[in-house]
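Trainee: Given next are the chains, with one letter for each unit.
2 protein chains.
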Amino acid sequence: MSRIEKLRKIIYANSVAVIGASQKKGKVGNELILRLKEFGFKGKIYPINMNYAEVEGIPTYASVTDIKKPIDFALIATPKESILDIIEQCNTAGIKGLIIISSGFKELDDDGAKLELEIKKAIEKYDMTLIGPNCLGIINADPNIMLNACFAPLNPVVGKIGLATQSGALASGIINILPQIRIGLRQMISLGNQTDINVLDIIEFWEQDDSIEQILLYIESIPDSKRFKEICERVNKKKPIIVVKSGRSVIGTKATASHTGSLAGDDNLANALFESAGVIRELNLRDMFGTAQVFNNCNIPKNQKLAILTNAGGPGVLATDTASDYNIELAELSQETKEKLKKILPPQAGVNNPLDVIASATREQYTQSAEILFASKEVGVLLVIYLYITEQNDVGIIQDLEKLKLKYPDKQVIAVFMTTTDFSERLKKVVPNCTIPIFKYGIDAIHGLNRLLERRKLLQQKQPEKPIFKVDKTAVKSIIKEYQQKGMKQLSTFASLKVFDAYNIPLAPFGSAKTIEDAKKIAEKIGYPIVLKISDYKISHKSDVGGVVTNIKNKAELEIEWKALFDRIKSFDAKGNLECVIVMKQISGSQREFVAGIAKKQSSHIAMFGLGGVFVEIFKEIAFRACPLSVNDAMVLISSTKASKLLGEVRGNKAADIEELKNLLLKLSKLVEENNEIKEIDINPIMVAKDGSVFAVDARILLD
Amino acid sequence: MSRIEKLRKIIYANSVAVIGASQKKGKVGNELILRLKEFGFKGKIYPINMNYAEVEGIPTYASVTDIKKPIDFALIATPKESILDIIEQCNTAGIKGLIIISSGFKELDDDGAKLELEIKKAIEKYDMTLIGPNCLGIINADPNIMLNACFAPLNPVVGKIGLATQSGALASGIINILPQIRIGLRQMISLGNQTDINVLDIIEFWEQDDSIEQILLYIESIPDSKRFKEICERVNKKKPIIVVKSGRSVIGTKATASHTGSLAGDDNLANALFESAGVIRELNLRDMFGTAQVFNNCNIPKNQKLAILTNAGGPGVLATDTASDYNIELAELSQETKEKLKKILPPQAGVNNPLDVIASATREQYTQSAEILFASKEVGVLLVIYLYITEQNDVGIIQDLEKLKLKYPDKQVIAVFMTTTDFSERLKKVVPNCTIPIFKYGIDAIHGLNRLLERRKLLQQKQPEKPIFKVDKTAVKSIIKEYQQKGMKQLSTFASLKVFDAYNIPLAPFGSAKTIEDAKKIAEKIGYPIVLKISDYKISHKSDVGGVVTNIKNKAELEIEWKALFDRIKSFDAKGNLECVIVMKQISGSQREFVAGIAKKQSSHIAMFGLGGVFVEIFKEIAFRACPLSVNDAMVLISSTKASKLLGEVRGNKAADIEELKNLLLKLSKLVEENNEIKEIDINPIMVAKDGSVFAVDARILLD
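Residue numbers (this note's numbering), protein chains in the order written: chain A, 54 to 757; chain B, 54 to 757.
Chain A on its own, in the form it takes in the complex (with noise of 0.2 Å):
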């Protein structure tokens, strides 16, 4: 059986032995009895306890050997002493599956750590199947399961998502949160310490769950992060994967550690993998509700422009400006299209986008503006504004949008009402089935809007097959082999180059020189002016040691500094680690300067590209991805910082070349996708000289 399957056995479960069920009120053991039992699980519970003859009316047993039935999964809350036996009694009774509830474990102290290392070798040993342990429980709202084994007092209402969670705890508030934003849940799994069952399985597990059309995860650590992008950027073309990280900030890392006892990973490194795998990641649990809101009820466009209609002037531009931060674009209302509304409205309605229909509109106006909107070829997606002003139409509005909907289905609405605090209850009488989002604030209609649109885009964009590059691997290899051998993690500037070439990185043409004769020869080859820069086994960097010289004019100049240079040389190279001297072509930049490097973190090589020179440290101009690098990624590498600007035509230099920049990035990932021994690259500058050629002018390699 796949890992898949036996999560599935326990999702999916017809029987459930609850290891620890008590009678006592309010004690776990009978909380996740009486969950069982309210939420109306469909298969058999089997209460587990010595003491009692039931537990809420079911009949007990005092070991999962007593059974003697096929159990699907136990759900274990017992003090965690008692673990390891529990999982030898349930290997004797035949089940593969455990739901730990119990804590205390890496989570509390280098006991509970020693014991957890113990449960997942008796895990692994009976090949047996673990979401816990230090978790809420899981729920699944299939109405042929109706699975609620959490031990919380929340049933939630059945929808659509999938929510998985670091925080067993916060489960509970979401589930508190969704019906007031009408979202309902289908599976939620708390995914406590990820001793076995990390939250990869469980978006491998949803991918092939048609029930759940949208996965939402608070995480606060990766568990893998190669794998991690392989499932997401495969899983997240399927349905939308929404993701809150935390642990972004040094002190709330802190806050993490201490809390799961997982190590939380480096905030770029999940930035990168979020942006390559194209989950969209949210900062708070307030966008992501916002977010979630509207792809649990909007497709995805036909067509991106957007009209607003507003029965009030303020919010309006508010929603425009608004719209305006995002890039959102708004549709151009067509002659037609102002033909009919003028037809049904006042004539101090402003008829434009945006539609204010004024204070005055009634419930008709609204709809009927709504209709030609939605039948307008210009419009894609429609922004219902709506104030409680002169009439309450509040609930009828929704209604006719409704219908609309189903009448349009190309079409997307989303609505934000400022009307009294009994909407709800109101709106549910009335439709008690509302597939509107509907927000309080234009800002959060936005967002969530925003993010479907980015979704739009992500789809339909075309991956553009990788060039395919000559390269030569051999020499790679064998330069990173004598290192090795050597036991130098550094490789010098010359091998750095050699390694560059051999993948037909741009360099700026260049040569090694031992001798000024040397130098000279390779000069008059390339061309004055030009740099020296000395090639060490030690040094890496050459410019604080002075073993740089830029902007050798001629062979006088070059003969002056070339001694300069061996006289410098001299008080700091006294061993000899000097390997050469190269002697590089200088790229007269227009200050176009750029770094891009590649760094492996955890398991993961991350590129980055962005602004270099000076301003490398001050204005962080610098995007990450990670690799390997699809052609779209080298792209949004090179386009998405404001670094970007400068790669057009600036101050009468010519627009870079694009095509080189992006080949060179898609190299620097096969480079590190063939020698997974590379730990870091640095390319620091590139520059972009005045006809828009790129070159790398210096590089820096270091292995594992």
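Rather than coming from a laboratory, the hints here were simulated on the basis of the structure. Since this is a predicted model, take the numbers as computed values, not measurements. Since no wrong hints were added, every one of them can be taken at face value.
Just so you know, same-sequence chains aren't split out, so a pair can sit in one copy or run between any two.
Below are the SDA-like pairs computed for lysine to any residue, each with C-alpha atoms no more than 20 Å apart in a straight line:
no., residue 1, residue 2
1, Lys395, Asp162
2, Lys391, Asp162
3, Lys133, Pro399
4, Lys159, Pro399
5, Lys77, Thr443
6, Lys493, Glu478
7, Lys78, Thr443
8, Lys720, Gln516
9, Lys133, Ser413
10, Lys493, Ser477
11, Lys133, Met103
12, Lys77, Ser413
13, Lys493, Ile230
14, Lys695, Ile671
15, Lys720, Phe522
16, Lys167, Gln401
17, Lys80, Glu417
18, Lys395, Gly157
19, Lys493, Thr443
20, Lys695, Ala676
21, Lys743, Ile671
With chain A fixed as given, assemble chain B onto it according to the hints.
Mentor: The following block gives chain B in isolation, referenced to the frame of chain A:
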């Protein structure tokens, strides 16, 4: 009577004539009477209508002239064509205050605008005071007044907020939202077209009205930027002013223009004004209400350090992340506090900040923990996060916090509660006058808290006295006069430099030369390398025509370049507008180039400072403040962009002379204060030399 006293007659009215009062349900003239009655107006209501004997049980008059009693204001809701006549009648009846609800003026068309102008003239002629036209009305919830002169069916909960809005319809939305977040309203003024009374009059009125503790504004334009800054700077010290100004985007601006007929100002100007005046600008209503909720319930904390108390790890970490995003300091718990907490909490609880009392926490544990934190020296503000996980203690915890609040008045508390939908209802019964701001999401709570802490800083901030600069006013006046007499707006480079010199603005050493001999003498004096730049009466973009030569290293080069420059000049300056050639010391700059400038927008001079060089347009790292600049304003200009990092020690260059830079900005401000004819000043670049000294190396001054 002052303008404020006249306004007071309307807002604190004891009698109102409703012109256009109607017996027909749903009519504005009927709604107005209903509102006055329902809300319990303490004064006299005189409905004016020729066709009925009474309206809603109140006897009518055919005309205001028939009342023969003093009337504090007339509330007018008749068709716009009748308004001028009505003003005549009001004058006859001795009525000095008007609120015109009617619309169809400048917001509609040119005819409307003309009529509005005539109304303005009539108002001025009869020394009347007018709110509107095209407004929703006003509310004053003073218990002795209870005036609701609005036509929308809304009666606010009474509180301490003053709300002025340029979108009347929005007022209804807001009045519906406020009770949902437990905020009461004291006064609401729908500004309408602000033909007479504008938002600034209202702010000045509220400055003196002690019943208003917080001012909320929704505006689409700023009527008088100079007065705005002056008034808000003063009033904001007494009570917080929170503003949402729409029309930020280009499209948004268009929507505003069509909506109220007002010309939306430039958004940079608006921001500069808000920041200079210390006004809190929120970009959307959600954030405005969040902030208002915090200010409504919290005082400025004595100690700014935050403690987070939570029963769920995840939300605690998220709050920590968010606090860190806002640079809010978390309190470090003392050993003493930790010991106290350990005594009351289970061992699994993380006795840290955030303090995770874990899912099992009882009401007592919450309350005791909160009290320990309140009682500690290290904590100034407490964020209490509660999720309904095992016991539903939500209302109880709020009850307890209310008591703690009384006991520890110096400490502030904000709550984030994720609980069941009926929480508000249940809370209302147990704590009807809840004084704790309660949010659903940490992000909103922390956004509001951050505003409170910003205000704490603002109020604590000392404003250093401006240094006194010796300046040569006469020299500048005479240069300006000379140019004005010639009808020239653009000062030559030389004239601009002379103006700067007169105000002791630090310039790179320079002289003006007409001959090569002059140039050589100046160069000898200031030392090579030098720059040559032409000063021409017509040409302002000197570089574009080859009028600038940099990096001239010696006399020989000077001779060559001088000749070449004059050869070029011949080709573009046939008419002989060349004034002289500036010979200026070349500042070798370490790439530390900045821009500073002043621009007159509407009636205000706005100062800017930020990153210069190639990067000006790309990074837009520029800050704006309204003149006259205070010392703090100047410091904010210098320090608020990323560019400020370049002012520190960078790559072997000394930190910039901040005092000199600050004075440079203050001198620029003084220059435009004393010479209002100046429309624009542009210094690009200001160079920071290697030794940290600061020099303007170019200047451009434009007159009105």
